[in-house]
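Got two chains here, each in a separate frame; can you build the complex from them with the hints?
In order, the protein sequence lines correspond to chains A and B. The first sequence begins at 0 in numbering that gives the first Met the number 0 and counts up by one. The second sequence begins at 0 in numbering that gives the first Met the number 0 and counts up by one.
Please keep in mind that the hints were generated in silico from the structure rather than gathered at the bench. Mixed in with the good hints there might be a few duds.
Quick list of in silico lysine-lysine cross-link-like pairs, DSS-like style, CA-CA up to 30 Å [unchecked claim]:
(1) B:141 - B:209
(2) B:138 - B:55
(3) B:224 - B:64
(4) A:323 - A:279
(5) B:55 - A:103
(6) A:319 - A:239
(7) A:103 - B:64
(8) A:23 - B:64
(9) A:43 - A:5
(10) A:43 - B:138
(11) A:313 - A:239
(12) A:43 - B:224
(13) A:23 - B:141
(14) B:6 - B:224
(15) B:138 - A:23
(16) A:239 - A:302
(17) A:43 - B:64
(18) B:141 - A:103
(19) A:103 - A:23
(20) B:138 - A:103
Per label pair, the in silico range of CB-to-CB distance [what the hints assert, rightly or not]:
(21) A:174 - B:102: 53 to 63 Å
(22) A:294 - B:197: 48 to 58 Å
(23) A:288 - B:193: 31 to 41 Å
(24) A:71 - B:254: 38 to 48 Å
(25) B:186 - A:174: 48 to 58 Å
(26) A:178 - B:102: 34 to 44 Å
(27) A:268 - B:186: 32 to 42 Å
(28) A:274 - B:261: 41 to 51 Å
(29) B:96 - A:269: 39 to 49 Å
Glycine included, every Cβ here is placed at the ideal spot set by N, Cα and C.
One-letter residues, chain by chain:
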Amino acid sequence: MTDIQKPRAMRDTFLEAVYDEMSKDNDVFFVTADFGSPVIDRIKLDFPSRFINVGIAEQNLINISAGLALEGFKVFSYAIAPFITMRCFEQIRVNLALLSEVRKLNVNLIGVGAGYSYVVSGPTHQCYEDITLMRSMPNMQVFSISDQVMASKILPCAINNNGPKYFRLDAQILPILEHKDNISVQDGFLFRRSTKGTICLLATGYMVHTALNVSEALSQNGIETSVIDIFNLTSFNQSKLIAHLSIYSGIVSMEEGFKGRGGLDAMLFNFLLQNNMSVKLLNIGVEGSYRFEVGSRESIHEKVGIGLNSVVEKVMYFNKNLKK
Amino acid sequence: MNYKYNKDKIKELSVKAKWVWDQTLKIHRRSPETRVASSLSPIEIFVVLYYGGFLKQDPANTNWKERDRCIISKGHGSLCMYPILADLGFFSLSELDSVCMDGSFLGGIPDPVIPGYETVNGSLGHGLGVGAGIALGLKCRKRTEQVYVICGDGELHEGSNWEAIMFASQHSLSNLTLIVDNNMISMLGPTDEIISHRNLLKKFEAFGWKGFLIDDGHSVENVYKILLTASEDNATMPKIIIANTKKGNQVPGLENAPLSHVTAIKPDLIDRLLGED
Numbered sequence: 000m001t002d003i004q005k006p007r008a009m010r011d012t013f014l015e016a017v018y019d020e021m022s023k024d025n026d027v028f029f030v031t032a033d034f035g036s037p038v039i040d041r042i043k044l045d046f047p048s049r050f051i052n053v054g055i056a057e058q059n060l061i062n063i064s065a066g067l068a069l070e071g072f073k074v075f076s077y078a079i080a081p082f083i084t085m086r087c088f089e090q091i092r093v094n095l096a097l098l099s100e101v102r103k104l105n106v107n108l109i110g111v112g113a114g115y116s117y118v119v120s121g122p123t124h125q126c127y128e129d130i131t132l133m134r135s136m137p138n139m140q141v142f143s144i145s146d147q148v149m150a151s152k153i154l155p156c157a158i159n160n161n162g163p164k165y166f167r168l169d170a171q172i173l174p175i176l177e178h179k180d181n182i183s184v185q186d187g188f189l190f191r192r193s194t195k196g197t198i199c200l201l202a203t204g205y206m207v208h209t210a211l212n213v214s215e216a217l218s219q220n221g222i223e224t225s226v227i228d229i230f231n232l233t234s235f236n237q238s239k240l241i242a243h244l245s246i247y248s249g250i251v252s253m254e255e256g257f258k259g260r261g262g263l264d265a266m267l268f269n270f271l272l273q274n275n276m277s278v279k280l281l282n283i284g285v286e287g288s289y290r291f292e293v294g295s296r297e298s299i300h301e302k303v304g305i306g307l308n309s310v311v312e313k314v315m316y317f318n319k320n321l322k323k
Numbered sequence: 000m001n002y003k004y005n006k007d008k009i010k011e012l013s014v015k016a017k018w019v020w021d022q023t024l025k026i027h028r029r030s031p032e033t034r035v036a037s038s039l040s041p042i043e044i045f046v047v048l049y050y051g052g053f054l055k056q057d058p059a060n061t062n063w064k065e066r067d068r069c070i071i072s073k074g075h076g077s078l079c080m081y082p083i084l085a086d087l088g089f090f091s092l093s094e095l096d097s098v099c100m101d102g103s104f105l106g107g108i109p110d111p112v113i114p115g116y117e118t119v120n121g122s123l124g125h126g127l128g129v130g131a132g133i134a135l136g137l138k139c140r141k142r143t144e145q146v147y148v149i150c151g152d153g154e155l156h157e158g159s160n161w162e163a164i165m166f167a168s169q170h171s172l173s174n175l176t177l178i179v180d181n182n183m184i185s186m187l188g189p190t191d192e193i194i195s196h197r198n199l200l201k202k203f204e205a206f207g208w209k210g211f212l213i214d215d216g217h218s219v220e221n222v223y224k225i226l227l228t229a230s231e232d233n234a235t236m237p238k239i240i241i242a243n244t245k246k247g248n249q250v251p252g253l254e255n256a257p258l259s260h261v262t263a264i265k266p267d268l269i270d271r272l273l274g275e276d
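In isolation and in its complexed conformation, chain B is listed as follows (with noise of 0.2 Å):
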């Protein structure tokens, strides 16, 4: 990809990333039942990958042969991508007043019915293998699109995951990439307390992935620049990208709260967040 490093495409991306931010919170007002802590931690990374240039889609052909391949494991975690999706033009924007009502097609961890998404999600552990598949197909009929998988870390609990990156090596899937929204946070507290990956970066790498590491994963700059550097690598093995990120990112009380994934947010703090009160 030729994409350079500018800075006013990193104000734009920075810009979009308040947005999606806000949305994010609107959605999660109208329907407290989301999963707003862990939509909170991938908005940049999401931000970055559909607006940065980083993936090749026709919002009006979700079919498109020579589109990239997004797969978004972290069902749950992943309600910020609704008003990406909708600001992009893969569905009308309106549709982001229904999510989860009666009817919609937006539901609290998204289908496959909606434009946009590939795959079933929500159950975990499951984007990475089917990702895979994907990768390994396009490769056999030697197409030259990419493969991305999003996940979270609590998600690499999973073995079927483990299966897909021992696979995934094996047959130099160079046209997949992992990004791990690394918050560290599972559904009842830190990963660290419940099955620590120590070194997440290292063990991949004894597996043969080729590894990058972006520190903060809320800095758009830093994400942009990293994904830049892996698209551009030419290195024959998958590859594998962690985005330390911070569950509930920038809400008070939510951030970094060890029980955050199951935890809603007060209206009148979403007001006062957006400066609605």
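Same shape as in the complex, but just chain A (with noise of 0.2 Å):
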């Protein structure tokens, strides 16, 4: 039914998966705050008794899905990324991260707009934090998907995993990634592009996008580098991802949400530091503050440290100061 090789935003591809899982399971249930998508109409055509939309009200949103999963439904919850993550986080603690440690609560956190994804309507409806956030819980298990394809295949894997979990994806079309290896939720992470080189990339994202695109340009300036796609934050092949990131004598994460305040690059250095890696760290991440300016996503990501020439160069400079 699906065809998951027409560029498409992800949400719409992660939809569909998710009306597959609702027409074979009559244990799925889904429930948006008032945020939609041709998908989702289809869904409250066609499943009107397990489709729920609760209005603007995103702590509802949360407590009526763990109410459900309590019953043992298995839950999609959809909304906007910052406010399915932010504006309900302490319902998310502890109707869902919490509750979870002595119950059963498949409840599945669909939140689209992923970084700047929302780019004209500013930093209300942008999302920066989440990773951080999201992380911060144990219990709470994060997702964070590079493209159409991986939304979705990646459902199937994940949803019999009965804890919580966060999908975070981007609200825009992105071109589709080449997927040589199958996604496996349990490594949590694959190769986009490997080379010989001492550099790694490791993005997550919308960056994988950067990252293939920065190691094409560094290729060109005679710098090779892999890029590694990490999409499971919270539960990736601890060991698997050890024997890869070994031969390399850098590492760059590359994440839309703020430096250093938590994010894919705080998992890395903590990830780094337990096994003893002397690996060189380069984090690149959103810089600086919260801006109102409107513009690109392109030419904002050059304005906060997180854009193709940008990374280039930080990359170029990390590249000189590892030979050293």
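Okay, structure coming up:
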């Protein structure tokens, strides 16, 4: 049913996978906080008894979802990323993360609008803190999706896990990435570009696309880099990642979230420290503070230090220092 | 439900309520850090609910699918539930001796590791929304179990409640009953002086709930009669029962005192009240 090769927003292919689950399994329930999509129109039409719009009420979105999950439903809860992670943070903490310590709660939060996705809507609708916040809670699993194919394939693997999960989705239509390897939720990462270079770019979400462009540009400057797409930000295969990363002398973390504030970079720093890895780490993330300027995603990215040119420059400098 | 009013039952429940009151003070004497005043206001509500035949539960199987779900949203104000649950066989009575002590599962604010507690309590304003989700789930599965949620009137200042209140009436959650322990005192004083609920019953009715009022929440007879009326009501809407109660009920100096929430009772007063001095 799903044509995943036609360029589309990743939320659409993800929601089609949800639709497929709903048609197979009467225990799947969909709850939205007044946020829609054409696929949601179909869900509403075809599964009216398992679809509810709670209105613009994210706290209640989470509480209703928790209650449904306590009754054995597999729940999908849907809203714009900053609202579903931050407006109702304490509901997530108490009724999902904390309660799942003693109860099975298969609640899947779908946040649309990672990073600067909603570029013209400004900082209220943009989302640069969610990786930090969602990862801060034990029992929460965090998936940061890089393209529409991954969005479609990850769901059937993840749905049978009974814990609460957060799926971080981009709102824009992104290029389809080449999928050589199968997506393994247990591995939690995959190579998007493999070279014999000494630097590995470890990116998540939208930044995987930037990383591939950076890698290409660096290659033209004689610097070979590999690109790893890390999408499971809570329970990736550590020993496998160690084995892969051990051949590099430099790792560059790339995220569309605030730099040095507990996101992907903190996760990697901690991971390298725990595993006594002496490899050097360069963290690329949003620099500075909140910004109200309007512009294209690319131009904003350059201003906050995560655009193609800014990253190429930083990695070249990083590479030079690695050799010293 | 087929429970009819009878005088012997009321007498039995009154004796039980007095026992729970005694036990609650005894726990507080051993663990003075517990919030005793807000645990004394809902005693008769819990006693009638649990002993009056309104809740279908199996202490030996807390995951029993056919149990009625009771969500105690006012966590810290439910210390009185410990003796009730122990007495009913959810856990041993001897556990009451170690409330708030090393290794006990009975803390100052109850957690869902305690048999009989469904959800996380303590952080206020969560119970009603989760209860509404449970009620929706039960309805969706065409099940007949009831969902009771107990909260305080101060707790209704949390906006999350009002999201759930609107939701429950929109979806005709007739299997959901909210009981408000309306002791009219929050942590720092009378609720009316903080944000007055004005006419709480009318407010709920305006939101599409079927309203019931318990004038005297410490009269077992009054509580029983209203719970009976509400449980037999076939309204297609959620039900609200407002029980007027007294914070720190029957403890001199504590009863209805504006700062009773954070006040501990002196051990010698407890001894005197329990006739043990």
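Going through the hints against the structure:
no.	hint	in the structure
1	B:141 - B:209	21 Å, holds
2	B:138 - B:55	17 Å, holds
3	B:224 - B:64	28 Å, holds
4	A:323 - A:279	12 Å, holds
5	B:55 - A:103	23 Å, holds
6	A:319 - A:239	28 Å, holds
7	A:103 - B:64	15 Å, holds
8	A:23 - B:64	24 Å, holds
9	A:43 - A:5	24 Å, holds
10	A:43 - B:138	18 Å, holds
11	A:313 - A:239	27 Å, holds
12	A:43 - B:224	42 Å, violated
13	A:23 - B:141	20 Å, holds
14	B:6 - B:224	11 Å, holds
15	B:138 - A:23	21 Å, holds
16	A:239 - A:302	35 Å, violated
17	A:43 - B:64	28 Å, holds
18	B:141 - A:103	21 Å, holds
19	A:103 - A:23	21 Å, holds
20	B:138 - A:103	20 Å, holds
21	A:174 - B:102: 53 to 63 Å	57 Å, holds
22	A:294 - B:197: 48 to 58 Å	49 Å, holds
23	A:288 - B:193: 31 to 41 Å	35 Å, holds
24	A:71 - B:254: 38 to 48 Å	44 Å, holds
25	B:186 - A:174: 48 to 58 Å	55 Å, holds
26	A:178 - B:102: 34 to 44 Å	52 Å, violated
27	A:268 - B:186: 32 to 42 Å	41 Å, holds
28	A:274 - B:261: 41 to 51 Å	48 Å, holds
29	B:96 - A:269: 39 to 49 Å	43 Å, holds
Figure legend: structure checked against the earlier numbered hints; hints not met, in rising order: 12, 16, 26.
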